[in-house]
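Trainee: Chain residues, written in single-letter form:
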Amino acid sequence: MGRTIIEKIIQAHSRDDAAAGRIVWMDLDVRSARDFGGPNVVKNFEREYGGSPPADAAKTVFTFDLCAPACSLKYADNQQACRDFARKHGIQVFDVDRGVGTHVMIEEGLARPNGTVVGTDSHMNILGAVGCFGQGMGDVDVAFAFKTGRTWFEVPESVKVVLKGRLSPAAEAKDLTLFLCRELGTKRIALHSAEFYGEAVRDLALSGRITLCSMITEMAGIIGFIPENGPVVADADASYAGLVEFDVSGLPPQVAVPPSPNAVRPLADVRGTRIDSGFIGSCTNGRTEDFARAAEILKGRKVKKGVMLKIVPATRRVYEEMLKRGVLETLFRSGAIIVNPGCGGCAEGHVGLTGKGEVQISTGNRNFPGKQGQGQTYLAGPAVVAASCVAGEIAGPEDL
Amino acid sequence: MDENIRQGRAVVLLDKQGEIIEDIDTDQIFHNAHLHITDIAQMGSYALGNLEGWKDFPKTGREGDILIAGRNFGAGSSRQQAVDCFAALKVGAILAPSFSAIYFRNAVNSGFPVLKIHGLETMIAGAGIVTGDVIRFDVRSGRAENVTRGGALKIEPMSPVQYDIFLAGDLFKYGKNMK
Numbered sequence: 000m001g002r003t004i005i006e007k008i009i010q011a012h013s014r015d016d017a018a019a020g021r022i023v024w025m026d027l028d029v030r031s032a033r034d035f036g037g038p039n040v041v042k043n044f045e046r047e048y049g050g051s052p053p054a055d056a057a058k059t060v061f062t063f064d065l066c067a068p069a070c071s072l073k074y075a076d077n078q079q080a081c082r083d084f085a086r087k088h089g090i091q092v093f094d095v096d097r098g099v100g101t102h103v104m105i106e107e108g109l110a111r112p113n114g115t116v117v118g119t120d121s122h123m124n125i126l127g128a129v130g131c132f133g134q135g136m137g138d139v140d141v142a143f144a145f146k147t148g149r150t151w152f153e154v155p156e157s158v159k160v161v162l163k164g165r166l167s168p169a170a171e172a173k174d175l176t177l178f179l180c181r182e183l184g185t186k187r188i189a190l191h192s193a194e195f196y197g198e199a200v201r202d203l204a205l206s207g208r209i210t211l212c213s214m215i216t217e218m219a220g221i222i223g224f225i226p227e228n229g230p231v232v233a234d235a236d237a238s239y240a241g242l243v244e245f246d247v248s249g250l251p252p253q254v255a256v257p258p259s260p261n262a263v264r265p266l267a268d269v270r271g272t273r274i275d276s277g278f279i280g281s282c283t284n285g286r287t288e289d290f291a292r293a294a295e296i297l298k299g300r301k302v303k304k305g306v307m308l309k310i311v312p313a314t315r316r317v318y319e320e321m322l323k324r325g326v327l328e329t330l331f332r333s334g335a336i337i338v339n340p341g342c343g344g345c346a347e348g349h350v351g352l353t354g355k356g357e358v359q360i361s362t363g364n365r366n367f368p369g370k371q372g373q374g375q376t377y378l379a380g381p382a383v384v385a386a387s388c389v390a391g392e393i394a395g396p397e398d399l
Numbered sequence: 000m001d002e003n004i005r006q007g008r009a010v011v012l013l014d015k016q017g018e019i020i021e022d023i024d025t026d027q028i029f030h031n032a033h034l035h036i037t038d039i040a041q042m043g044s045y046a047l048g049n050l051e052g053w054k055d056f057p058k059t060g061r062e063g064d065i066l067i068a069g070r071n072f073g074a075g076s077s078r079q080q081a082v083d084c085f086a087a088l089k090v091g092a093i094l095a096p097s098f099s100a101i102y103f104r105n106a107v108n109s110g111f112p113v114l115k116i117h118g119l120e121t122m123i124a125g126a127g128i129v130t131g132d133v134i135r136f137d138v139r140s141g142r143a144e145n146v147t148r149g150g151a152l153k154i155e156p157m158s159p160v161q162y163d164i165f166l167a168g169d170l171f172k173y174g175k176n177m178k
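The listed protein sequences correspond, in order, to chains A and B.
Quick note: numbering that gives the first Met the number 0 has the first sequence finishing at residue 399, numbered continuously throughout.
Quick note: numbering that gives the first Met the number 0 has the second sequence finishing at residue 178, numbered continuously throughout.
Any given hint could be a false lead.
No more than 27 Å apart at the CA atoms, straight line, and that leaves these computed lysine-lysine pairs for DSSO-like [said to hold, decoys possible]:
hint, chain 1, residue 1, chain 2, residue 2
1, B, 153, B, 175
2, B, 115, A, 42
3, A, 146, B, 175
4, A, 58, B, 175
5, A, 87, A, 42
6, B, 54, B, 89
7, A, 355, B, 54
8, B, 175, A, 87
9, A, 301, A, 355
10, A, 186, A, 7
11, A, 42, B, 15
12, A, 42, A, 146
13, A, 355, B, 175
14, B, 89, B, 115
15, A, 7, A, 58
16, A, 323, A, 298
17, B, 153, A, 186
18, A, 159, B, 58
19, A, 309, A, 355
20, B, 172, B, 89
21, B, 15, B, 89
22, A, 186, B, 175
23, B, 115, B, 15
24, A, 355, B, 58
25, A, 298, A, 309
26, A, 73, A, 42
27, A, 146, A, 87
28, A, 73, B, 54
29, A, 7, A, 159
30, B, 89, A, 42
31, A, 87, B, 54
32, A, 87, A, 73
33, A, 146, B, 54
34, A, 73, A, 301
35, B, 115, A, 186
36, B, 115, B, 153
37, B, 89, A, 58
38, A, 58, A, 87
39, A, 323, A, 309
40, B, 54, B, 115
Don't read these hints as lab results, they were simulated from the structure.
Since the model is a prediction, treat every value here as computed from it, not as a measurement.
The following block holds chain A by itself, in its conformation from the complex (with noise of 0.2 Å):
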């Protein structure tokens, strides 16, 4: 019988049968961490194994993202408790100026297609978007990982997910996505790997696939791929726990509203909604394209003054891109707050806190209770944000 794409993947690095619903034991190609949940890893490891070393120092990594550059003692005492570890036994490290781990291990060709990479990071399974199996642990896991370079793990079932029709123009992949945040909700896919197939997929460039793959977590899934001109496909006759169609042509923006990622709206419901604040970047929207988005709306405008526009970009790679693009002196020019790479943003500590009473809306990928401090989020896509933060309510860019 036929696979799916992550019994392909997870029978490559098996030796068990990795049928679905089996429980298999699988080598790991990349086992990672990062600041937080890092310096448990290291404590974990260095009270069950000692002073010996990881299984192999080469594919084995640090990512430093979420407070970045540490912006407490407590943070800077963790980072450097993982670095002083790295040093003894050679482990890379990507450190504070780096960037999201995930994104950094995309740009570095740490994350391929058909491989298999877990960390410290839920959102690990954004990995699907190069055909790579990522899946976020815990401290116990990546230290036993970090030792062992092995997993268990449950192969989980699959749902292939069919989307009709083309988007829009004035539809982004953050739109999309959050739509089928929606439709799914944290049971269509609960605990499954999703494959994403049609028209509306086939057009995504990898930031829009990165979009997608992102919040595959917020919908409860495992992991989801995207087939249509990606690297990984299942065969022909796999088969599958479910199927789910929908239709996207003519999908207007849509507005994850506080206090679910799961609760959207289209934009027109919440229009007006008065901000105090606007954020773009995060794991879900922080690449180049995401901000040139943005740059394209902002271009020429200015932020309504009382309102505070945060900008985090994803990588370094990114930063540099937007300065050789221009996209930074458009973006420093409207007024936009402008921090170094990083998770900043979708963290409380860092940029990512909002008060009592704040009203913000992010291009990030959570907006639980107190995820980034006492405020209300809202959720949209990169040209909704900057739209909002000129409007100073919600408003997209036909609005203005």
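Starting from the known structure of chain A, fit chain B onto it as the hints suggest.
Mentor: Okay, now just chain B, sitting in the frame of chain A:
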């Protein structure tokens, strides 16, 4: 004592309307403001610290309590602290119709009992399970009962891997005995 048997006071995570709370995410269980903490003993006082109506759980909870939650418990981040905070309080187990994949793994690998329970909504609606009831279950067979009210609970037994890791204590101890 049979290590497969767990018994304790049920604590049913209901909202103000008396509905079981679904999709409880890790920021409600152990907020990201406390992620710098690496000592498990310090984690207990933050358990459920951001879940409306349950913020005082570290004070009101008792050793051995069995937490009962709605579906997709532990959604969100990969933080191990969201499991460890309950282990620190010596919570006996967590039962829910489903867990997020990462949360479930984290608990399994720590040897902390997390089990799937079926028919929960019907039981809650019919007052078949109420906070304070004593419940008892066998993690191996799935046999479970409400000791206080009588009646069976439908619990899925642990998978072989989960059970082996649970018996060993955690993934590290289990791994040391692997070939």
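Trainee: Would the pair residue 172(B) and residue 89(B) pass a check requiring their Cα atoms to be no farther apart than 27 Å?
Mentor: With Cα atoms ~20 Å apart, residue 172(B) and residue 89(B) stay inside 27 Å; holds.
Trainee: Is the hinted pair residue 115(B) and residue 42(A) satisfied, with a Cα-Cα distance of at most 27 Å?
Mentor: violated (30 Å)
Trainee: Residue 73(A) and residue 301(A): Cα distance at most 27 Å?
Mentor: violated (37 Å)
Trainee: Can you confirm whether the C-alpha distance between residue 115(B) and residue 15(B) stays at or below 27 Å?
Mentor: holds (24 Å)
Trainee: With the threshold set at 27 Å, check whether the alpha-carbon distance from residue 298(A) to residue 309(A) stays at or below it.
Mentor: holds (16 Å)
Trainee: Is the hinted pair residue 186(A) and residue 175(B) satisfied, with a Cα-Cα distance of at most 27 Å?
Mentor: violated (37 Å)
Trainee: Given the hinted pair residue 42(A) and residue 146(A), is their Cα-Cα distance within 27 Å?
Mentor: holds (13 Å)
Trainee: Given the proposed pairing of residue 175(B) with residue 87(A), does the C-alpha separation stay at or below 27 Å?
Mentor: holds (23 Å)
Trainee: Decide if the proposed pair is consistent with the structure: residue 115(B) and residue 153(B), CA atoms, cutoff 27 Å inclusive.
Mentor: holds (9 Å)
Trainee: Holds or violated: residue 323(A) and residue 298(A), Cα atoms, limit 27 Å.
Mentor: holds (16 Å)
Trainee: Please work out if residue 355(A) and residue 54(B) have their alpha carbons no farther apart than 27 Å.
Mentor: Answer holds: residue 355(A) to residue 54(B) is near 18 Å, not above 27 Å.
Trainee: Hint check: residue 146(A) vs residue 54(B), CA-CA at most 27 Å. Holds or violated?
Mentor: violated (37 Å)
The structure shown violates the earlier hints numbered 1, 2, 11, 13, 18, 22, 31, 33, 34 and 37.
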